[in-house]
Structure formats: C-alpha cells, structure tokens
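**Student:** Protein chains in written order, with our numbering: chain A, 21 to 277; chain B, 22 to 494.
Read the hints as simulated data drawn from the structure, not as lab findings.
Computed from a predicted structure; not experimentally measured.
Backbone N, C-alpha and C define an ideal beta-carbon position, used for all residues, glycine too.
Check before you lean on any hint, since a few could be wrong.
Here are the simulated SDA-like pairs of lysine to any residue, each with C-alpha atoms no more than 25 Å apart in a straight line [what the hints assert, rightly or not]:
1. LYS326/B to LEU72/A
2. LYS379/B to GLN183/A
3. LYS269/A to LEU321/B
4. LYS403/B to PRO488/B
5. LYS283/B to LEU166/A
6. LYS210/A to PRO406/B
Here chain A is said to cover these stretches of chain B; the calculated rule only asks that three of the stretch's residues, wherever they fall, bring their Cβ under 8 Å from a Cβ of chain A [claimed, not checked]:
7. 245 to 254
8. 329 to 337
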Amino acid sequence: MSLGESIRNSQLWKSVFRHPMPLDRRNRIVVMLTNFFLHLHPVSIKKQGIGLSYTWCMGGVTFFLFLVETVTGVLLMFYYRPTLEWAYNDILALRDVTSLGIMRELHRWGAHAMVITTWLHMYRVFLTGSYKPPREFNWVVGVILLLLTLLLSFTGYLLPWDQLAIWAITVGSNMARATPVLGHEGPFAKLLTVDGIPMITNGSDARFLTIGARFVGEETLNRFYVLHCIGIPLAVALLLAIHFWRVRKDGGISGPL
Amino acid sequence: MHSDPEFISRVATPLGFYYLILCALNWGAAALLWRRGAKTFFHVPLPGRRNGNGHAAAVAVDAHGATNGNGAIAITDVLVWLAVGFAFFILAPLAMIGEPLELPSAVKQTVNELSGPVTLALGSLVVFAIFFVFRRFFTQPIVAWVFLNLALLVMGMSMTDPNFTSIVAKPDNVPIVGLVFLLGFFTWLATYKAVVNDDRIARGLPPVEKEDSEKVLVWPDLVYTELICMIALTAFLLVWGIGLQAPLEEPSSSVKTPNPSKAPWYFLGLQEMLVYYDPWMAGVVLPSVVLLGLMAIPYLDFNRKGCGYYTISERKFAYLIFQFGFLELWVILILLGTFLRGPNWNFFGPFETWDAHKVLALNNINLSEIFWIKGLDQSLPKAPPNSSALREIAYILVREAPGIILVGAYFVVLPPIMAATIFRKFFVKMGFIRFMLMANLLLLMGALPLKMVARWTINLKYFIAIPEYFLNF
Ligand code: HEM
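Here chain B stands alone, though its shape is the one from the complex:
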C-alpha cells in the first residue's frame, strides 16, 4: 500500500525514466566490459550437461574468455551488469504504472529516528575513515560500481517519499544532489589514481602521469576535447533548463518571514555553524579564516613531493586535513543545512514532515554557569549596581575566567606543545612564524568540531559568554 497515491502518480513518469537511465548505465558498462574482454567470476555447473553441447549462454557472454567445455555457465562481470540493468529495466515500467519500489515505512522511520546532527557528523566521518583506510578495496572499479548502483537505487526508492522528494527536488536543491554524486565520483577517481601511483612509488616506479610526458600538439588533441566539452555542456544546460524551471516564489514581502529562512545553499554550511557559534564567528571570522587558510596552504605545505600527480602516501597529512575540512566541515554541513534543517532550524530526518510546531527543548548552558553554579555552588560574579564601567569589565572577566583560561590555553599553550611533541619535525622545517600560523589555523579549524562535541555531550552553549559586548565564543 502506498502512503500517498496522488503523490506516487506524480513521480511515476520521472521515476520510470530514472530507472531506464540506470538500466542504460549498467548495460553500457556491460557493453564496455564485453569489448574489453569479460572477466569470469565463477562457473555454475549445469546439472546433467557434462559435454560441450548446449551451453549457448556461456558461449555468448564468455566470448572473449576461455569457453569451457564442461557444460557450465560462466558468471562474468558482463553477465552480472546485464542482469542488474535488467532489474532496473523491470523497475521502470513498475514505477510508471504507479507501483514503484518503495522503502518500507519501518526503514524510513528508523532512519528518521537515528538521524540527527550527531549521527550525521560522526557517521559521515566514520564512512570517510573506512573509505580511506580500506581505499585499496573501495577504489576497485567493480566495488565502486556496486556502491554507485546501491546509492542510485536507494535514491530512487526514497523518491517515492513525499517528504524526501519535496526537499531534494526543490529546484535550487537539485544542484546539491548533483554535487554529492560528482564529489563521490571525483573522490573515487582521485583515490583510485592515488592508490595506483602509491603502488608504483612503493615499487620504485615513477607515477603513471610520468609515462605520458611525451608532447602532443594542442591542435588537434586539446582544442577538439575542449570543443566536445563545450558542446556537451551546452546540451546538458539546455536539457536542465528545459526540464527544470527556475524557481520564482511570491513577490517579496518584508513582513512575511519564511520559516525556515535560508541563505543560498553554498552558504548553508556557515548557517549551520550558527547552531554552535554566534554570527561573528560563523558568519565573519570563520569564513575569513577559511579563505586565508586556503590561501596560506601553498606557503605552509613544505612537502615538495606529490606535485603534479595523484598520491596519498607521499602527502598523507595535507591530504587528510584538506579532505576533512572540505568534505566534512564544508560539504556535510551544507547537506545538513539544506536537506535536514526545517522550520526554526530544527533537525528533521530525510523522510520526516517539516512540522513548524516541532519543539525541541534547548537547555544549553555556559561554561561559566557550569563552573560557578554547578561546580562551586554559588551565583555568577556580578558587579554591584552603579559600579564603574571598568569595574564591570573586571567582574565580567572574573565570571568568564574559566572559559578565557581554557580558550587562551587552547590557542596559546597548545601550539608550543604541538611543536615540541607530535609536530616536532614540522616545527624544525617550518620555522617559528609559519609553524605558529599553521598551528593556529588547525586549532581554529578544530574549534568547530570541538564545540560540536561539547554541545552534544555537556550541552555547552558558550565557552566564553559576554553578551554585554556581543562576545560569545
């Protein structure tokens, strides 16, 4: 039974085409593999057929492999992707007649309940870590293809959910779905090439890129590639433009505030940071630090290896830091802010209705309150009425002393400790100024996840809370 027949009938046709495209993808892959020569995984013996007659199927798909004469069907990669394509081929008409494959509601409910900022952030981190550690396994084309198929299938099944689709298919959100798949693909591609190169380097060979250092003429080799790219891109934009209308909502009204009010999608990572930091940090300081930090990269990375080819082993530290910053702290936060934040910036699972009346208890407390009230069991230090401005400031400093000391230690004491311990080699190579710059950039970058964890674990609102001067950290 469908939850919402009217909705299903609306997505029926697009979904049908979607599955047809997936079918074409897999059959295309099968054709490609067949041309290259199919690879046999294993043989399924045919009962009762011991001689070489009558195994037409095996011959057909095994044309480039060794045909075996003992009456067994060779299960090749070609055959597998043909079958997968066929499965999508069946799903397409099913979707078109209004019987699409759906996610069981139990699954959807579990996903909704399990998801949240914490699971999303930590879960994606774990996924990235697993992918990184077992990159040799995951970058095998066949494994990547399996995961791509799975992702696309889950996507197709999720599209039958009105809540999911209403957000994912919002015109301005469509590009982000594209971004996810593009990033997945390019991360795979880069890692794949890096794994190959790392193997070669370990064996004392130069990276693959070196093999192609012979020179070719730009006309025709490059200009034609560019021409084809331009034509393909134009066609792509035209199809996109015809298929999806640019959004235009009601005329603007400065009194009707939409809920949620969202910045353009590429800034939603910053808006998501507002959950943890005040606007001066999330909207001004951190973005500026991101830009300055990016610009500083070439001047901080003293490692001369790994220039001009894909590699991980030769520049693990830089590689990991960048991926963490870009994928986890930028892209994942954008996805969270775009797809999973609803009215009042509350979190909603992917299959949950955006209910403007959802109320979440907010009981975050400041470090000063934890220290003075909970810890020392006394009230916050407060200047007596009518005291001078300086005196008031002194009281504020005392009140916030725990946070100020903690934050000060984080930014001032940690760098020398880092220089003396884990980053010893860096310090020696980089010199004082460059090292301090790098250490502080890293610490600022780390300030975000640290604040997140503090929020999730001890409901911390601010390390330093000086609302009197708009200075909350």
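Chain A with its partners taken away, still in its complex shape:
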C-alpha cells in the first residue's frame, strides 16, 4: 500500500472526507453528493451550461471576488480602527509599514472588480434571456444583490478617511437631502410640518439617517464601518444562499428547452 493510499484509508481522512477519491464515475458522483462545498452543484450538468462562452463564468467570478473580499477584509480589520484619530493613520501604515499591507490593494481592486463583474453577470443573464420563467424571482434577488454590492463598495469607500473618501461620500450622500418628502431639501418635505414646526430638518431627514450626523463625520465613519463589515455582508451572504439555491431549484443554468 502506497503512502498516499494509506493516508486515504486512515480513520482520520475518512472522517473528514466522506467519499473515496473521485477517480471513477461512481465516486465522481458520490463526491458531489457528500461534500458540503460541492453539494452546491448538481452531479451532472448540460454541457452547454458550463461553456465559458455561455455564462462567461461571471456569476462564479463575482462570488469568488466576494470571498476574496471577505478574507482580505477580515485581515484588514485586524489593523484598522474606525476612529477619526486612527482611520487614516492605519491605512497609511498598511501602505508603508504593515507586512502584507498588499491586502488593502487586493481588497480595493477586488471591490472594483466585483462591481464590474456583477454588471457583466447581469448583462449575460439578460442577453441569454435567463430571467424568463421560471427564473423571474432569482433575477429580482440578483437586482437586490446588485444594489448591495454597490452599497458595500460605497460604504467601504469612506473608511480610508482621506480627501477622496469623505468628499465622495459627501457628494453621494448629499443626494439624500433631496429625497421627496423625507429629505429636508426635497419636494413636499414642507408638507410634514406640524404647528408650523417642520418635522424634516437637516437633523432628522433621510441624509441624517444615512450618515448619522449633519455632515460626514465620526458618526458616519462608525455607521459605514458597521454596515460595511457586518450588516451588508451578512445580507449579501443570505441572499447569495437564496440565489444559488434558486439556480438549482429553477432547473439549473438556463438553456434552450
């Protein structure tokens, strides 16, 4: 018995992997059914569905980028403190002194790439008409994922706390001032006036809700940090689970009938 074989026959190995090596047809099926990570996939699939020129692998690439963002993001959290005192300096240190500071580059470029691949994935799904029944609802889930991806990117943009960051967020969040009814400079906001006292002011409107203050400051940093690291990723993870589950339940990757 070779060394490899004896390892594969050990109790330890067998307790971890519930299947033999996928060398023959039977075990290639077994592996898909018994491995937690692989059971996301079906056992067999139409050849057309795995053609790179059909799906462009874009959904898969987006998912992989999400994983990259999660791993690099967790590593960055070890070094970054979301306070006015430290945020900028910690990023500076990541650039200049921290070993493996390249995590920041990977995280940032991965984020840009994820926005792009999400769009391309949507483009592919549209062009192949894959949103048509029975996949309508998964398209809707996808649109929410698209929104969340943009919000992830947007909340993360603030964290370096440099000029680029705060002004981009200022410009972006200023829009909320103009929310109809709920923004203090929005149409119809004046309607919400009780006894001559306006209810919607710059201290109570949609923009205040977004950035936690009257202008982008410490509260915003904290709010965006929590959303960026916990709130939105959890929501994305949940929706991704639904998204993938629906891909399977809706009959796998779309194809001509």
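Given chain A, work out where chain B with the ligand should sit, using these hints.
**Tutor:** Leaving out everything else, chain B with the ligand in the frame of chain A:
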C-alpha cells in the same frame, strides 16, 4: 518633438511593455489561426518567378492551405497578424527609448474641440446603432480583431498625452478602462453568438446551445474549470495589487473641498444626470426607478422565446431597450462623468488640461420663462405680497402651467396613445396594469434623453420650476 519630454520618459517603460503585450496578442492569434489552418486572402505574384521554386515564404505560412506552384506569396490571415504583431514589436523599443508613437497635436486639438456631451452622447448612440444594424459584418472575428487592435493602438498613442494619462491612469479610474474593454468584448461575443443563432433559427434549426444538451459530470468538467478560474483570478488580482498602489490622498478635511468633487465612479452616471435634473430626480427617483424597473423586467417581458440562448431576432425590443439603458444611459454617462468632467463639472476633452478657471456661460431658462416672458411678452405670474399660502400655490401652478400640462400629458396621455398605436399588440398581451407600468417606466427612462436634447437645443433648464418647494423637473 514631444510636448513634454519629462512626462514621456516616465511613461516610456510601461508603454514599451504595453506594446510588447499587444505584439504577443497578435502573435498568439497568428499561432492559433495557424494551428486551425490559415486562410488565404489573396496572392501576390512574385515578378519573374513563374515556377514553383524559391517561394519559401509562401510555403512556410501557407503550410495548411494549398501551396500554389506559380511563385506567388499567399497573403494569409496568419501572415497579416504576424506583421501587425511585428509592427507592435517595433513600437515597443521605440517607446522605451522615449520615441513613442504619438497622436499629432492637430488630431488631439480636433478631438478636444469636437468632443462635448452632445457629440459624445449622440456619437456613441450612432456607433451603437451602426454596430447593431451591421452586426453581421462587425461580429466577424477578423473585423472585431481589427477594431480591437485599432482601439488598443489609439489607447497607446493617447497615453503619451499627459492630460489623457493623468486621468485614465488614476488608480481608481483604471478599473473603468478595464470595464470599457470588457464590455466591448462581451458585447461582441454575445452579438456574435446571437447572429449565429439567428441564422440557424431562420433556417429552422435549434440554437447552438441546444446541440450541447448532452449531460456531463460536474466533477471533473465544471470543478476544474472553476479551480482554474480561481487561480487565474487570484494571479490577476495579485499582479494588479503589486503593480498599482491603492490611492490614499491627504487626510480628510471638511473645509478643503476638492474641485471637482466626485462620487465613486459607479455613481458618476447619476452625478452626470445632475447636469440635467435636480438631486431629487437624479439622486433619488431615477436610481429607484432603475432598480424597480430592473426588477420588473421578468414580469413585463411576456415574450417566452429567447430563454436560455443568445438571440436578437426573437427579442429585438427587449434587447434594444436594455442595451440602450445599460450601455448608453448608464455606462456612457459614467465614462463622461469620470473622464471628461473636470473642475466645476465643466466638460473637458480627453487631451485638454483641467483648468479650474474655465468658465462656461450658463444661460439656461425655464419653460415658464419661455412661455410667459418670451412667448407672451409679460412677466411671470406672481402672487401679490402678503397673500395666503394657498393663493401663492395657485399662482405657482398658473406660472408653471405650461410645464405641468406638458409633463402631465407625457406621463398620462402618452401611455393610452401608445397602447392604441405602436404598442397595440403589447397592450393586448399585457393587460392594463402591466402595460401602464411598462409604459411609465419607458417614459421615465426616456425623460433623461429628452431633457438632454431640450437642454442642448433650447437651453431648457426646467420643464417645471417650483424652487419654493424644491420641486424642479
Ligand atoms: C453579488 C452578486 C451576484 C453573484 C455572486 C451571483 C452569482 C451567480 C451564480 C454563481 C450563478 C450561476 C450561473 C452563472 O455563473 O452565471 C448565477 C445565476 C443567476 N444570476 Fe446571479 N449573481 C449575482 C448577481 C446577480 C444579478 C445582479 C442578477 C440580475 C439582475 C443575477 C441574476 C441571476 C440569474 C437570473 C441567474 C440564473 C441564470 C441562469 O440560470 O442562466 N445575479 N448568479
């Protein structure tokens, strides 16, 4: 003579590598074609060589084609791409020693002068239209390859311009350059596959995707593809991360407002809309409508054909609307907002210096002013001082009546007319609610280009201007 030798010396090495990559691309293509069997375009007869001896070149490149014995060089696709690659191969060292191929300044100046929001928006629309109408021609791989080479060459030449490069090579803008090429490639790919399928459908055959409906095992066929994708992607991100440092500007300061102040690039289409619409539209209503509209697509598109394969002919309407919305109204506006909007959100050509003191006369006027002042030659209706709030509102409504009627007609009267005329079939199939939803979404989408055109032609500021209630449309 170079405009800026110091700058040229800084881009020399990257440009050299850039051209080497282009060379490798073309030689790679040549190798691929050679393996598949070269295609001969035409023969160039060799003077004085009438017999089969001595045409080694022709034999070498024509190995898989028919060698002709009459002493002529066969010009094959392999030969052409070898030559193109060779041209890039020459450009690379030239760039490295500081003599890169540049765009003539006359060309740059013309481009600067010609470009503007109008030319960009209409020009891209015309380009998309031409590509769509003549898609059979443009999707031929060889034509697409020619255009790719041209685009990359122009890109390389433009990189010698400090203004162009300072914006395109800004770290956060690099992904958008990638986006442009990726979108170009994938649009080509999808159109190519759709053209093939449409031909087959016209001949009564099923789409190509159908031919591959035999089942294969996910292990190994899919999991290995995924593994390779992951490794390639990791390598790509590492190279990107090592090659390009993430930006970090000065520490934030709430008093030093940068000019221009830009949102992150993926929202710059929305910021560009601010030129035409107030924040409540550009920043709140239109984005929400975009999201709702996207979600509604599967419930509005009643066409059951074209599911699971690339096709254009079976779903032309949906296809065109989506491409217009995505490519023209989203991506082009992002490009405009990112690359061509400088200080004070003024427009700057791709080779123009961002001059913060550039002043553009803004003389936009409201529809109410056009109607009352220009048209009827009287002043705007205005409530007498100390009148009640209701009375003031009444006056405002009168003042803005032309716009309110126009906008009302657009959203209320047009849908029934559409239902009765061009969209008759849609209305019958969709029923009242779905049709109204679709019609209003389309009209909202159309509101942006319409406002743009109104701005460009009659300097229209707002159809409805009620600044008293922050309600400008
Ligand atoms: C975080 C973003 C997203 C991730 C990670 C993701 C992931 C995936 C993956 C892995 C698949 C399997 C097929 C493929 O790779 O193409 C898929 C399919 C699908 N996705 Fe997404 N997706 C995302 C966003 C979206 C968006 C924005 C949309 C549309 C608006 C969308 C709509 C769909 C639909 C309808 C399918 C089924 C397609 C088919 O059966 O051919 N997804 N997604």
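**Student:** Each hint needs a verdict: does it hold in this structure or not?
**Tutor:** Taking the hints in turn, this is what the structure says about them:
Only pairs whose Cα atoms come within 25 Å are accepted, and LYS326/B paired with LEU72/A is accepted, the gap being roughly 23 Å. Using a Cα cut-off of 25 Å, the hinted pair LYS379/B and GLN183/A holds, with the two alpha carbons roughly 23 Å apart. At roughly 22 Å between alpha-carbon atoms, LYS269/A and LEU321/B fall within 25 Å of each other, so this suggested pair holds. Restraint check: the Cα-Cα separation between LYS403/B and PRO488/B comes to about 14 Å, which is no more than 25 Å; the hinted pair holds.
Between LYS283/B and LEU166/A the CA atoms are separated by roughly 21 Å; this keeps the pair inside 25 Å, and the hint holds. About 20 Å separates the Cα atoms of LYS210/A and PRO406/B, which keeps this hinted pair within 25 Å; it holds. Counting residues of the region 245 to 254 of chain B whose CB falls under 8 Å from any CB of chain A gives 5; the rule of at least 3 is met. Figure legend: the region 329 to 337 of chain B, annotated as covered by chain A; annotation consistent (5 residues with Cβ-Cβ distances under 8 Å, at least 3 required).
The structure meets every hint from the earlier list without exception.
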